[in-house]
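Model the full assembly from the supplied sequences, consistent with the hints where possible.
Residue numbers (the working numbering), protein chains in the order written: chain A, 17 to 375; chain B, 17 to 375; chain C, 17 to 375; chain D, 17 to 375.
None of these hints come from the bench; they were simulated from the model.
Do not rely on the hints blindly, as some may be mistaken.
With a straight-line Cα cutoff of 30 angstroms, these simulated BS3-like cross-link-like pairs (lysine-lysine) come out [stated by the list, open to error]:
(1) Lys372/B to Lys19/B
(2) Lys272/C to Lys231/D
(3) Lys220/B to Lys240/B
(4) Lys219/D to Lys187/D
(5) Lys272/A to Lys224/B
(6) Lys66/A to Lys219/C
(7) Lys372/A to Lys293/A
(8) Lys220/A to Lys59/C
(9) Lys108/B to Lys370/B
(10) Lys280/B to Lys219/A
(11) Lys220/D to Lys60/A
(12) Lys326/D to Lys280/C
(13) Lys60/D to Lys280/A
(14) Lys272/A to Lys187/B
(15) Lys108/C to Lys187/C
(16) Lys326/A to Lys219/A
(17) Lys66/C to Lys219/A
(18) Lys326/C to Lys60/A
(19) Lys283/B to Lys60/C
(20) Lys283/B to Lys59/C
(21) Lys272/B to Lys283/B
(22) Lys60/B to Lys283/C
(23) Lys187/C to Lys240/C
(24) Lys60/A to Lys219/D
(25) Lys283/A to Lys220/D
(26) Lys60/D to Lys220/B
(27) Lys59/D to Lys220/B
(28) Lys187/A to Lys283/B
(29) Lys60/B to Lys272/A
(30) Lys283/A to Lys231/A
(31) Lys66/C to Lys19/C
(32) Lys231/C to Lys66/B
None of these values were measured; they are calculated from a predicted model.
There are 4 protein chains.
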Amino acid sequence: MAKMEVGILGATGIVGQRYVSLLADHPWFEVRVVSASQASVGKKYREAAKWFIEPPMPEDIGELVVTPPDPQLFKREGVELVFSALPSEVAKQVEEDFAAAGFAVASDASAHRYDPDVPILIPEVNPSHLQIIEYQRRNRGWSGFIVTGSNCTTIGLVMTLKPLLDAFGIKRVLVATMQALSGAGYFGVPSMAILDNIIPYIKKEEEKVSSEPQKILGRFENGKILPANVPIGASCHRVNVLDGHTEAVFVELGRKASPEEVAKVFKEFQPEPQQLKLPTAPQPPIIVREEPDRPQPRFDRYAGEPPRAKGMAVVVGRIREEPVFETGIKYMLLSHNTIRGAAGNSVLTAELLKAKGWL
Amino acid sequence: MAKMEVGILGATGIVGQRYVSLLADHPWFEVRVVSASQASVGKKYREAAKWFIEPPMPEDIGELVVTPPDPQLFKREGVELVFSALPSEVAKQVEEDFAAAGFAVASDASAHRYDPDVPILIPEVNPSHLQIIEYQRRNRGWSGFIVTGSNCTTIGLVMTLKPLLDAFGIKRVLVATMQALSGAGYFGVPSMAILDNIIPYIKKEEEKVSSEPQKILGRFENGKILPANVPIGASCHRVNVLDGHTEAVFVELGRKASPEEVAKVFKEFQPEPQQLKLPTAPQPPIIVREEPDRPQPRFDRYAGEPPRAKGMAVVVGRIREEPVFETGIKYMLLSHNTIRGAAGNSVLTAELLKAKGWL
Amino acid sequence: MAKMEVGILGATGIVGQRYVSLLADHPWFEVRVVSASQASVGKKYREAAKWFIEPPMPEDIGELVVTPPDPQLFKREGVELVFSALPSEVAKQVEEDFAAAGFAVASDASAHRYDPDVPILIPEVNPSHLQIIEYQRRNRGWSGFIVTGSNCTTIGLVMTLKPLLDAFGIKRVLVATMQALSGAGYFGVPSMAILDNIIPYIKKEEEKVSSEPQKILGRFENGKILPANVPIGASCHRVNVLDGHTEAVFVELGRKASPEEVAKVFKEFQPEPQQLKLPTAPQPPIIVREEPDRPQPRFDRYAGEPPRAKGMAVVVGRIREEPVFETGIKYMLLSHNTIRGAAGNSVLTAELLKAKGWL
Amino acid sequence: MAKMEVGILGATGIVGQRYVSLLADHPWFEVRVVSASQASVGKKYREAAKWFIEPPMPEDIGELVVTPPDPQLFKREGVELVFSALPSEVAKQVEEDFAAAGFAVASDASAHRYDPDVPILIPEVNPSHLQIIEYQRRNRGWSGFIVTGSNCTTIGLVMTLKPLLDAFGIKRVLVATMQALSGAGYFGVPSMAILDNIIPYIKKEEEKVSSEPQKILGRFENGKILPANVPIGASCHRVNVLDGHTEAVFVELGRKASPEEVAKVFKEFQPEPQQLKLPTAPQPPIIVREEPDRPQPRFDRYAGEPPRAKGMAVVVGRIREEPVFETGIKYMLLSHNTIRGAAGNSVLTAELLKAKGWL
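In structure tokens, the structure reads:
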């Protein structure tokens, strides 16, 4: 099978670099075009991108010349699918231009997340929402389409809520997060702001964590996504950790379940991407640790098998009863915010799109 | 008024050092004896204690010779009151020996916290519990007595729950903590364990945070403390911060209250230590910050006026509705774990004991 | 004595905030005008400045309205002396405008440091260089004048080289620095760049450390500063520390001296600001620590007595022989980069100007 | 070729874990016995070792049962070669017992480093020193022998001094280090000691850095190692970095050389392990970076090709003139202290022993 040519929008930032890294040697996709803002255009990628992440820059992608985000340039290179790590203020128009020009757009930006005809896709949670693409195309008159991923904090959370919801029902959720620096972008948090400190506030994050899961966990029916009703309250905080969002989750279940039953449900979670053995699908998608003091970001953020799925698993630990609710449980979770929570999730979405015939 | 001579048990550790620092130039108390474990006995305090904290060691206390924890030696120096920062396994017997020998013991150790006739005292919250001392003496046949302080995480939390309970009632509380390194003692957390990391587990901490407030918020009646019933669920985590425990608190109130009403109740909290103008009582005891991103440990942990009360105030911020409960609110709080949460709380307790005639 | 009215140029940045903090309740000076860039003009200082440093913002300066850097506005308020924490690209013209308009300008910017008729002043090292002001005025036709301070890394180093040079002579110096984050400004070092890392490069820093001491240690003669010849080689590195530059210094002395002799020379250093008992002059200016593991930035950066001189002393430790040179010694030094190394040095310079009749 | 069975002494500590990790799937060696202190004996390695390092524990080694350091037990398993990561106070006797019992011992402990008949081996620098083994055996009457590696800071330094010495000669060296936490062992540096701090002292480190290179760079002649005479002065400091020692090196060369000539000499360094293509030999052994701000520990500590040699290369950058000497140069270097500086160096030594017929 010939590989599909793909492009990356916003390729020089921290999520853009994760795309570059995750798509190197991808069995189905080949990066052909990298685009970025005006200052980088015309330079080789290796010169345009100050490389921030630990895996070294793939040699061949380093040689690509950065282009502007112009659909015609992408077309000329045979690209059909683009991954977008654009800043939200730019993403709205550019992503629409690409979709109108016939591209499949898999985006991490929030610009289109809340459009009723655009899915927020977590491949393990709501693969059926891809069906809305058909309606999106019809509404907008596009030959291409846009699929988005969720906020980075939301993805890990919803990955664990989904099997609980299916097995026990959920009355309400409270979550307190300890989020990594990379979630704010490379220049987002000055070192003087966070050394020996916590910043107990991330703009609009709590709102996203409360609202996005309603759409993701919703039901697709007659061309519409009907929102779920799983009340979620969040308190979001930045801590001095490079990568990996840690979350303390309290859940009032629909019915009583022991920590062992909850662990079993997590361990047996085998959704469609795993069944399809998609290349970037972690197996298992949820890893349950038994030690009293795990997950820890430095040790667990790159969890996920096979090697291509490193950083794609959600690691859960400390599952215990929460007696303030009759049917309460609590647990810790960790997921890599720029892999599972951003670029990796979109790559997996693209694999699902391909496996299901949307590409 | 001549100052009262006091002693410190466990004077070389991190809480012991806070006692030394807080009692320097105290208007009512004078440190006359410092005791520590065998390895330090006979040395000058300045040589025995590797000084860990930022305010410099008081010159005169540095000159004291470290003694063993023997009541007779303390008596000979005219000491009547001892502050205990002993490790819990040692504290049980030593504190009892001192109480039997006629000393007032103000302790941060957990050894006696759960004895029914020993109060867990937060001077702003349950000053009336001092009355149990009378029963304790009678039960034990002691001329002295023991008063304990709560776990460091609990003190900040209960300081804020008390005015909420009085004003609105409380149905349940969930709290996620981000606790400072000093809570584990100077050698407690290896740097390799916490750099670029979080440890999502502190042994027995969640149990203490759930149970101790029941006694503290309980009612003293007929020589007994009748526990309160304020269900509290906790998830406790260690982060890479020197001092200051940060807590994200979710409360289901007894009746609906707006964030503004909650802020008002916090601001108007004026319990007995403040009314008595005790030297170490912070005024106000709860500081409400209006900025979206406060409290932060590096900037707020030493909050508290007058200067003697630095680190004694609890700083609250981000008071907002929590719609997962009909009567829900949430807020952040910060308190200095070795001052407000340990040594400072005991010093304030001792001041209260003196002001009320127990010394 | 009525206080002299002073102004601050670039008052909202990290050095500007140090000026505000150091000048609060100053016995000789009173801050009357604070100026900053266009975005802040017209706001109260408390709203314009995101306050970065630990001592709280002085209430009264918080109420001042930020003005543009216009000499006429400063004049109208009776200001005669301005402290400049301007970025170098702005400093050149603005500082000249103020000097031309009759103001004394004490600047931390590098813009005028290398002008032959502008002194780089460290009050303990080269107070006699103030005499060049006369020539500067004549050359430029100014009624006011400009005095600069040295680069923050240089100040601590030269403070220790001066007494060595006088006592023993110096053949050559090598210094390796471990510099604090605040030296790059609040937004200068992203947290993602420095967590679990070192950045072994600070632009133009090594050049400054090599060249500025030649001027500072030079001789004033016939209206000129004749450069010294003390070869200094530097390797400059950024580490994850908030404040306080640490330097490892190797010196080939002019003649053999033991560590004890070197310590004695440091301890007996009593230059003019100390003899004049200037309010911000630390006494002693060089503190020698005997412990094997000091100075350490977290514990020693605020060294300096009296309280007004906190952060103004240079702390030296680990003085030992360096046998690679016949007359070699080596030692560690620490100085607070935004106090001793910037704002505090300029305040002390202003005090010297006043004491010597230049103001 | 059947693999040689090997054992690890002190297998549970941080260097022991690096041995376990580096020897997993080694083409020539197979770990058959892991030994540790009494507390661990009888447990499975996976339970005895709290795993500190990022690569996951090899499954099969995790299943081995920890034994005491008894040569007979090792013999019974067919082991001929042991790697020692023992604490120095234990190493002396135990390593001698193994050598006497016929084992080849490759040790990171300092216990035998300074014995005149024991080599301190850096395979790239002094492979010829292996010849002393013959004399060692004769002196001691051993059938086995002991080979040691150098102090972790020294290895990186000497790797770069060797080619300079050969090409240009060296008059003197000054080095200031910024050393990682792991050099002190997992529990060595409390987090409270190093957060927002530097510890400018590492016990006996400067002495080792000055003296060990004399032996390593010495000449083997008539059964003796004649020490070199390369005066080295060091100032050693601990910084808040997990792994990777960074060193700022100033060298007075024997003759003038430009930075380009120095870079060329580093790049062309091709000693025996590289020529023999030993499995753990990094190719090239010295990597020269051209960027102004490299090497950096977080990005460069795992440098080294092929994959088995990750962390074995020494990364050099910022080569520049140092004008305080007529023939001066300076540069930065970085090497992984527990791989290149300890376990990896010994594994490479063992490979050299095998390739040269000593095993």
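Outcome of the hint check:
Among the hinted pairs, Lys372/B with Lys19/B is consistent with the structure: their alpha-carbon atoms are about 16 angstroms apart, no more than 30 angstroms. At most 30 angstroms may separate the alpha-carbon atoms for a hinted pair to count; Lys272/C and Lys231/D meet this at roughly 28 angstroms. The straight-line distance between the Cα atoms of Lys220/B and Lys240/B is roughly 26 angstroms, inside the 30 angstroms bound, and the hint therefore holds. For the suggested pair Lys219/D and Lys187/D, the alpha carbons sit about 26 angstroms apart, so the restraint of at most 30 angstroms is met.
Of the supplied pair hints, the one linking Lys272/A and Lys224/B holds, its CA atoms being roughly 24 angstroms apart against a limit of 30 angstroms. For the suggested pair Lys66/A and Lys219/C, the alpha carbons sit about 17 angstroms apart, so the restraint of at most 30 angstroms is met. Straight-line distance between C-alpha atoms of Lys372/A and Lys293/A comes to about 13 angstroms, which keeps the hinted pair within the 30 angstroms bound. Restraint check for Lys220/A and Lys59/C: satisfied, since their Cα atoms lie roughly 26 angstroms apart, inside the 30 angstroms limit.
Proposed proximity of Lys108/B and Lys370/B is supported: the alpha carbons are some 24 angstroms apart, at most 30 angstroms. Of the supplied pair hints, the one linking Lys280/B and Lys219/A holds, its CA atoms being roughly 25 angstroms apart against a limit of 30 angstroms. Using a Cα cut-off of 30 angstroms, the hinted pair Lys220/D and Lys60/A is violated, with the two alpha carbons roughly 48 angstroms apart. The straight-line distance between the Cα atoms of Lys326/D and Lys280/C is roughly 49 angstroms, outside the 30 angstroms bound, and the hint therefore fails.
For the hint linking Lys60/D to Lys280/A, the alpha-carbon distance of about 27 angstroms falls within 30 angstroms, and the restraint holds. Of the supplied pair hints, the one linking Lys272/A and Lys187/B holds, its CA atoms being roughly 20 angstroms apart against a limit of 30 angstroms. For the hint pairing Lys108/C with Lys187/C, the CA-to-CA distance comes to about 35 angstroms; that exceeds 30 angstroms, so the pair is violated. The hinted pair formed by Lys326/A and Lys219/A meets the criterion: a straight-line CA distance of about 29 angstroms does not exceed 30 angstroms.
Between Lys66/C and Lys219/A the CA atoms are separated by roughly 17 angstroms; this keeps the pair inside 30 angstroms, and the hint holds. Pair hint Lys326/C plus Lys60/A does not hold up; C-alpha atoms about 50 angstroms apart against a cutoff of 30 angstroms. As the CA atoms of Lys283/B and Lys60/C are separated by approximately 26 angstroms, the hinted pair is consistent with the 30 angstroms bound. Proposed proximity of Lys283/B and Lys59/C is supported: the alpha carbons are some 28 angstroms apart, at most 30 angstroms.
A C-alpha spacing of about 18 angstroms is found between Lys272/B and Lys283/B, which places the hinted pair at or below 30 angstroms, so the restraint holds. Proximity of Lys60/B to Lys283/C is assessed by CA-CA distance (about 26 angstroms); at most 30 angstroms being required, the pair is judged to hold. Straight-line distance between C-alpha atoms of Lys187/C and Lys240/C comes to about 24 angstroms, which keeps the hinted pair within the 30 angstroms bound. Among the hinted pairs, Lys60/A with Lys219/D is inconsistent with the structure: their alpha-carbon atoms are about 48 angstroms apart, more than 30 angstroms.
At most 30 angstroms may separate the alpha-carbon atoms for a hinted pair to count; Lys283/A and Lys220/D exceed this at roughly 51 angstroms. Distance check on the hinted pair: Lys60/D and Lys220/B sit about 27 angstroms apart at the alpha-carbon level, within 30 angstroms; holds. Among the hinted pairs, Lys59/D with Lys220/B is consistent with the structure: their alpha-carbon atoms are about 26 angstroms apart, no more than 30 angstroms. Using a Cα cut-off of 30 angstroms, the hinted pair Lys187/A and Lys283/B is violated, with the two alpha carbons roughly 34 angstroms apart.
Distance check on the hinted pair: Lys60/B and Lys272/A sit about 59 angstroms apart at the alpha-carbon level, beyond 30 angstroms; violated. This hinted pair checks out: Lys283/A and Lys231/A have alpha carbons roughly 25 angstroms apart, not beyond 30 angstroms. A threshold of 30 angstroms between alpha carbons decides the hint, and for Lys66/C with Lys19/C the separation of about 28 angstroms falls inside it, so the pair holds. Restraint check for Lys231/C and Lys66/B: the C-alpha separation of about 42 angstroms exceeds 30 angstroms, so the hint is violated.
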